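In the order they appear, the protein sequences are chains P and G.
Position 462, counted from 1, in the first sequence is what our numbering calls 462; the numbers after and before it change by one each time, with no gaps.
Position 40, counted from 1, in the second sequence is what our numbering calls 40; the numbers after and before it change by one each time, with no gaps.
Rather than coming from a laboratory, the hints here were simulated on the basis of the structure.
There's no promise every hint is true.
Mimicking SDA-like on lysine to any residue, the simulated pairs with C-alpha atoms at most 25 angstroms apart in a straight line are [what the hints assert, rightly or not]:
1) Lys-238(P) with Ser-41(P)
2) Lys-231(P) with Ile-211(P)
3) Lys-96(G) with Tyr-700(P)
4) Lys-96(G) with Gly-706(P)
5) Lys-96(G) with Tyr-720(P)
6) Lys-96(G) with Gly-727(P)
7) Lys-96(G) with Ser-714(P)
8) Lys-96(G) with Gly-718(P)
9) Lys-375(P) with Phe-279(P)
10) Lys-369(P) with Pro-636(P)
11) Lys-96(G) with Glu-637(P)
12) Lys-96(G) with Val-723(P)
13) Lys-96(G) with Trp-707(P)
14) Lys-369(P) with Ser-714(P)
15) Lys-96(G) with Gln-716(P)
16) Lys-96(G) with Ala-725(P)
17) Lys-658(P) with Arg-442(P)
18) Lys-653(P) with Glu-637(P)
19) Lys-96(G) with Leu-110(P)
20) Lys-96(G) with Val-705(P)
21) Lys-96(G) with Val-708(P)
22) Lys-96(G) with Gln-713(P)
23) Lys-96(G) with Lys-658(P)
24) Lys-375(P) with Gly-281(P)
25) Lys-96(G) with Arg-683(P)
Which chain G residues stay away from chain P? Per the calculated CB distances, all over 12 angstroms, these [what the hints assert, rightly or not]:
26) Ala-3
27) Phe-8
28) Leu-12
29) Val-20
30) Met-31
31) Cys-32
32) Ala-39
33) Phe-47
34) Gln-49
35) Phe-61
36) Glu-69
37) Arg-82
38) Asn-91
These numbers come from a predicted model, not from an experiment.
Glycine residues also receive a C-beta, built at the ideal position from the N, C-alpha and C atoms.
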Amino acid sequence: MLPLLQAAAAATHPLNGTAAQWLWAVPLLPLLGFVINGALSILPAYHAGPADPALAHDGHDAHADTAHEHAHGDTGGGAPGDDHHEIKRHRFAWLVSIIGPGVLVLAFALSAAIYVAMLGHGGSAIEQPFIQRYFSWMPVGDLRIDAAFQLDQLSMTMTLVVTGVGMLIHLFSVGYMQDDPGYPRYFAYLNLFVFFMLLLVLGGNYPILFIGWEGVGLCSYLLIGFWFSEKANADAGKKAFIVNRIGDFGFLIAMFLMFANMGALDFVGVRAAAGSLEFGGVVVTAICLFLFLGCAGKSAQIPLYVWLPDAMAGPTPVSALIHAATMVTAGVYLIARSNFLFSIAPVAQLVVVLIGALTAIFAASIGLKQWDIKKVLAYSTVSQLGYMFVGVGSGAYVAGIFHLVTHAFFKALLFLGSGSVIFAMHEAYHTTGNHDDAQDMRNMGGLRRSMPITFVLMWIATLAISGIPPFSGFFSKDEILGTLFARAQHSTIAQAHLFGIPGTAWLYVAWVLGLAAAFMTATYMTRMMLYTFHGPNRTGEREREHLHEAPWVMTGPLVILGVLAAVGGWLNLPAFAPLGRVGALEHWLDPVVGASTARVVAGAAETSTSLEYSLVGLAVLIAVGGIALAVARLKPERLVPKREAAPEEGFEKVLVNKYYVDEVYDTAIVRPVVGTSRSLLWRGIDVGLIDGLGVNGSAYFARFVGWVGSQLQSGQLGTYAWVLALGVLVVIGAVTIR
Amino acid sequence: MLAEALFFSAVLFVIGVVGVLTRRNAIIVFMCVELMLNAVNLTFIAFAQAYGVAGQVFVFFVMTVAAAEAAVGLAIIIALFRHRQTVDLQNINLLKG
Numbered sequence: 001m002l003p004l005l006q007a008a009a010a011a012t013h014p015l016n017g018t019a020a021q022w023l024w025a026v027p028l029l030p031l032l033g034f035v036i037n038g039a040l041s042i043l044p045a046y047h048a049g050p051a052d053p054a055l056a057h058d059g060h061d062a063h064a065d066t067a068h069e070h071a072h073g074d075t076g077g078g079a080p081g082d083d084h085h086e087i088k089r090h091r092f093a094w095l096v097s098i099i100g101p102g103v104l105v106l107a108f109a110l111s112a113a114i115y116v117a118m119l120g121h122g123g124s125a126i127e128q129p130f131i132q133r134y135f136s137w138m139p140v141g142d143l144r145i146d147a148a149f150q151l152d153q154l155s156m157t158m159t160l161v162v163t164g165v166g167m168l169i170h171l172f173s174v175g176y177m178q179d180d181p182g183y184p185r186y187f188a189y190l191n192l193f194v195f196f197m198l199l200l201v202l203g204g205n206y207p208i209l210f211i212g213w214e215g216v217g218l219c220s221y222l223l224i225g226f227w228f229s230e231k232a233n234a235d236a237g238k239k240a241f242i243v244n245r246i247g248d249f250g251f252l253i254a255m256f257l258m259f260a261n262m263g264a265l266d267f268v269g270v271r272a273a274a275g276s277l278e279f280g281g282v283v284v285t286a287i288c289l290f291l292f293l294g295c296a297g298k299s300a301q302i303p304l305y306v307w308l309p310d311a312m313a314g315p316t317p318v319s320a321l322i323h324a325a326t327m328v329t330a331g332v333y334l335i336a337r338s339n340f341l342f343s344i345a346p347v348a349q350l351v352v353v354l355i356g357a358l359t360a361i362f363a364a365s366i367g368l369k370q371w372d373i374k375k376v377l378a379y380s381t382v383s384q385l386g387y388m389f390v391g392v393g394s395g396a397y398v399a400g401i402f403h404l405v406t407h408a409f410f411k412a413l414l415f416l417g418s419g420s421v422i423f424a425m426h427e428a429y430h431t432t433g434n435h436d437d438a439q440d441m442r443n444m445g446g447l448r449r450s451m452p453i454t455f456v457l458m459w460i461a462t463l464a465i466s467g468i469p470p471f472s473g474f475f476s477k478d479e480i481l482g483t484l485f486a487r488a489q490h491s492t493i494a495q496a497h498l499f500g501i502p503g504t505a506w507l508y509v510a511w512v513l514g515l516a517a518a519f520m521t522a523t524y525m526t527r528m529m530l531y532t533f534h535g536p537n538r539t540g541e542r543e544r545e546h547l548h549e550a551p552w553v554m555t556g557p558l559v560i561l562g563v564l565a566a567v568g569g570w571l572n573l574p575a576f577a578p579l580g581r582v583g584a585l586e587h588w589l590d591p592v593v594g595a596s597t598a599r600v601v602a603g604a605a606e607t608s609t610s611l612e613y614s615l616v617g618l619a620v621l622i623a624v625g626g627i628a629l630a631v632a633r634l635k636p637e638r639l640v641p642k643r644e645a646a647p648e649e650g651f652e653k654v655l656v657n658k659y660y661v662d663e664v665y666d667t668a669i670v671r672p673v674v675g676t677s678r679s680l681l682w683r684g685i686d687v688g689l690i691d692g693l694g695v696n697g698s699a700y701f702a703r704f705v706g707w708v709g710s711q712l713q714s715g716q717l718g719t720y721a722w723v724l725a726l727g728v729l730v731v732i733g734a735v736t737i738r
Numbered sequence: 001m002l003a004e005a006l007f008f009s010a011v012l013f014v015i016g017v018v019g020v021l022t023r024r025n026a027i028i029v030f031m032c033v034e035l036m037l038n039a040v041n042l043t044f045i046a047f048a049q050a051y052g053v054a055g056q057v058f059v060f061f062v063m064t065v066a067a068a069e070a071a072v073g074l075a076i077i078i079a080l081f082r083h084r085q086t087v088d089l090q091n092i093n094l095l096k097g
């Protein structure tokens, strides 16, 4: 493989000859892990045991894992383990435990080395991206698409997040999934996901990015439906896949438009061509809106967010890695990557901001009344993604990416913490043979006594997401909201109009929505913590003594993430809090997004320090208020276990049922589409037109013509003679008569 | 002289054609075919008077082929009769499609 890759990087680039030349190896390492783990997963490699009923009639065939998982159906949908027979560990589980996380450790080390090389060769002074071209992939007419990777400050940041957080979650998975019969399959999918995610962030043009985009979607589908013997899990996977198709349609249209109007699809080429586009013109606005449709699918924004809460059917580390930290942020990355397009399409930016703000408050309000611990986190993720879109949409690309990074830290921590909780709950229920829901917060309570490490770390993450200084989320969320306020006062977006209303008004609305969502965020996160860790324990008398902290391989990554969630804000300190180097991330990303941000800012004056202080004070006040409200109003002592709980009423019922959006979609879209497909497309066009008229019709026609011909063959010589004579007369007549 | 000969042979030919088209007995149809052949022979002879002997040479060929054809055709008819006990063409339709 090595000598085949003729990396034709620009010979004059400062990164040439450094560790950056090994860029191709970063995604290839997880791919290697996928190949090995995938091969192991299809080997018939179980320990045969007398207590395993699945083996009795199934034998050692290559598909034994499927049979195992049928018996393995996990009622909670979240944690490994088996209620019915002795757990069988995979024979090569030890090998998978080395290779699966190992490739990620190597990939992260390599990324770190490349990062160091970038720092050593100019860091943010490297103006041009470092592009490695491997081969010409699609040379069609004017279209020339290379298989190329692009390394710049933005993709470096994303690569570090993907490999770093991914590595920690891989390590956590070793503990969480080790007793699952599908252990190698799990790591194969997870490795494959990281490969595609790296393809996404490193790709040097939109089509390569799109391959990664589709690939992560595939892995998401595979991992949501990892325990596919439960129909609900398989359905959740399908839902995610299908909803994402709608977004991908937008992405494709955007690429077609780009090629048609700019003649290029690589980032450098599009960036150059974007300069000649009309500012705020129809073309660039359409491209940006279609791109955003793709983002709304992948990053779970209104109206395509419905798949993400259902995606919690997958194993919890998957939720942490794919559905919180990395894949769902791909849309944010895409907009930050396409900053040169969005910054000249203010109407599209306005749409992004508004959709983001709406999503933020909408999902946050649903999160207020969810009982499933993972559902709370899922809606929280949707809500936080809304914030990121508010950031990148308002031209604050740095703020958006900053929140992406800090969110990756604290949300991964929250998910892994909830995974640790579910793991403990499941173990306890498993030991006593109880079949209650291990993910319902009404069955938890008081877990701080049995899981102190998880308890402390999850509080750190909760404070971070709520926006309490000095935790990471405070800095990033405050930067988004502060920038949004500044943009509302003066920017190209504020000067644009949407539905006849000036952008300034829209942006102020979005800012208020963002503040309200921040309040709700603090409330629902505190609610989750109170119900899970505080108050009396509701798990059950016999189960209580079996609740215990997860092994070190799971708490270790939690601790690292906890540190990152606490200090992640130092990545990009605001000017008013000079606790270190101010705006490090902003400075770092300047070569990629600086020009676009400056264009959006349109020469606005810096926000005055006093105003900034009051904005920050307001944000902190709101966060503290949200937490205080939750603490004051919610009494974990009064909560009863799930099976004794009374159903909700009034508006609470609407919130518990997620505003009935799924039901509305089902009635308004799914049923009509299925009905039309069934009656018109299937019975009408397929069976009637194609089968009836096309396939069978042509056969009937051929048979009819044959029948007519056969009637001429009467066998009567007299008739033949008559026809012959008449034919001769006709021929003679045709020749002689003119 | 030529016109009369051509007229005569045309009459003979039409008689043959009408016989082939209208009669149902295989032998009579066969004889009518012979009649048509000989009408053509007569035409050849008539033209040979005006344009040289090539027409006469042709007549010999036609007579030879007609003789062979008569032998084969009669043999077929006899075989047919042995098989079906009839030479009525309306009853002989084995090649019906």
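### Query
Beyond 12 angstroms from every Cβ of chain P: is that where the Cβ of Glu-69(G) lies?
The claim stands: Glu-69(G) keeps its Cβ more than 12 angstroms from every Cβ of chain P (closest is about 16 angstroms).
### Message
Given the hinted pair Lys-96(G) and Leu-110(P), is their Cα-Cα distance within 25 angstroms?
### Response
violated, 85 angstroms
### Task
Verify the proposed pairing of Lys-96(G) with Trp-707(P), using a straight-line Cα cut of 25 angstroms.
Holds, at roughly 13 angstroms.
#### Entry: 12 angstroms cut-off, C-beta based - Phe-47(G) kept clear of every residue in chain P
Its Cβ never comes within 12 angstroms of chain P, the nearest being 18 angstroms, so this holds.
### Task
Confirm or reject the statement that Arg-82(G) sits farther than 12 angstroms, beta carbon to beta carbon, from all of chain P.
holds, 19 angstroms
### Message
Beyond 12 angstroms on every Cβ pair: is that true for Gln-49(G) relative to chain P?
### Response
For Gln-49(G), whose nearest Cβ neighbour in chain P is about 24 angstroms away, the distance exceeds 12 angstroms, so it holds.
### Query
Holds or violated: Lys-375(P) with Gly-281(P), Cα cutoff 25 angstroms?
violated, 41 angstroms
### Message
Run the distance test for Lys-375(P) versus Phe-279(P): straight-line Cα separation, threshold 25 angstroms.
### Response
violated, 42 angstroms
### Message
Run the distance test for Lys-96(G) versus Gly-727(P): straight-line Cα separation, threshold 25 angstroms.
### Response
holds, 20 angstroms
### Query
Is the Cα-Cα distance between Lys-96(G) and Val-705(P) 25 angstroms or less?
holds, 17 angstroms
### Query
Can we trust that Cys-32(G) is non-interface, i.e. its beta-carbon lies farther than 12 angstroms from all of chain P?
violated, 10 angstroms
### Message
Checking one constraint from the list: CA of Lys-96(G) to CA of Ala-725(P), max 25 angstroms. Satisfied?
### Response
OK: Lys-96(G) and Ala-725(P) at ~20 angstroms, within 25 angstroms.
Checked against the numbered hints given earlier, this structure breaks hints 2, 9, 11, 14, 19, 23, 24, 25, 29, 31, 38; the rest are met.
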